[in-house]
Amino acid sequence: EPEVTQTPSHQVTQMGQEVILRCVPISNHLYFYWYRQILGQKVEFLVSFYNNEISEKSEIFDDQFSVERPDGSNFTLKIRSTKLEDSAMYFCASRSLRTDTQYFGPGTRLTVL
Amino acid sequence: KNEVEQSPQNLTAQEGEFITINCSYSVGISALHWLQQHPGGGIVSLFMLSSGKKKHGRLIATINIQEKHSSLHITASHPRDSAVYICAVSPAGEKLTFGTGTRLTIIP
Numbered sequence: 063e064p065e066v067t068q069t070p071s072h073q074v075t076q077m078g079q080e081v082i083l084r085c086v087p088i089s090n091h092l093y094f095y096w097y098r099q100i101l102g103q104k105v106e107f108l109v110s111f112y113n114n115e116i117s118e119k120s121e122i123f124d125d126q127f128s129v130e131r132p133d134g135s136n137f138t139l140k141i142r143s144t145k146l147e148d149s150a151m152y153f154c155a156s157r158s159l160r161t162d163t164q165y166f167g168p169g170t171r172l173t174v175l
Numbered sequence: 339k340n341e342v343e344q345s346p347q348n349l350t351a352q353e354g355e356f357i358t359i360n361c362s363y364s365v366g367i368s369a370l371h372w373l374q375q376h377p378g379g380g381i382v383s384l385f386m387l388s389s390g391k392k393k394h395g396r397l398i399a400t401i402n403i404q405e406k407h408s409s410l411h412i413t414a415s416h417p418r419d420s421a422v423y424i425c426a427v428s429p430a431g432e433k434l435t436f437g438t439g440t441r442l443t444i445i446p
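These protein sequence lines map, in sequence, to chains D and Z. Numbers 63 to 175, taken from the numbering used here, label the letters of the first sequence in order. Numbers 339 to 446, taken from the numbering used here, label the letters of the second sequence in order.
FRET-style restraints, in silico, Cβ to Cβ:
#1 Z/A414 - D/S143: 48 to 58 Å
#2 Z/G354 - D/S143: 47 to 57 Å
#3 Z/T443 - D/V86: 28 to 38 Å
Hints were generated in silico from the structure; no laboratory data involved. Please read these numbers as outputs of a predicted model, since none were measured by experiment. Backbone N, C-alpha and C define an ideal beta-carbon position, used for all residues, glycine too.
Using the sequences and the accompanying hints, generate a full structural model.
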């Protein structure tokens, strides 16, 4: 069964460093999402992406964040200058045109020191 | 802004018991999702509902659009059902707004 994959599974970085989290959505899906979950808190929406542009973003998704679909298969989330409070589990999700069901990747645990 | 409330926050039950987890939301939606989060953190989509009832194996999900309420039931619960169950709502196909989750523990 097709699945969403994410790399790396765990990333440790120093405050102020740039990180890129990678996702490979299911191949025929056209809508892509990033969510995050700070430890012990609920999952929060970051950004949605369709037709090579951001369709919606939350107030969390400030100028430090960007998303890109560089090559038609990967979907990346970049954090330019990480802060301690960016430490969280980041989930990528994708869905097709035909359904509202979103399929989640296994997540990347980001730890900012 | 849609608020999503789940109850209970924590639930411990004996193997074999019938489990009910509730979800209420504040604003009209297009779809409600039930998700399962494993101890390792991964999220699996269980159901997407816009009306009525769906059944998959021992899991049943219902939604009452007028009352803005959904329930997830697990029949003949098993220790492998232990996980966090999350309710999330969305306008049509758009971003999900998540509840805080219900941590379910099934004791053998």
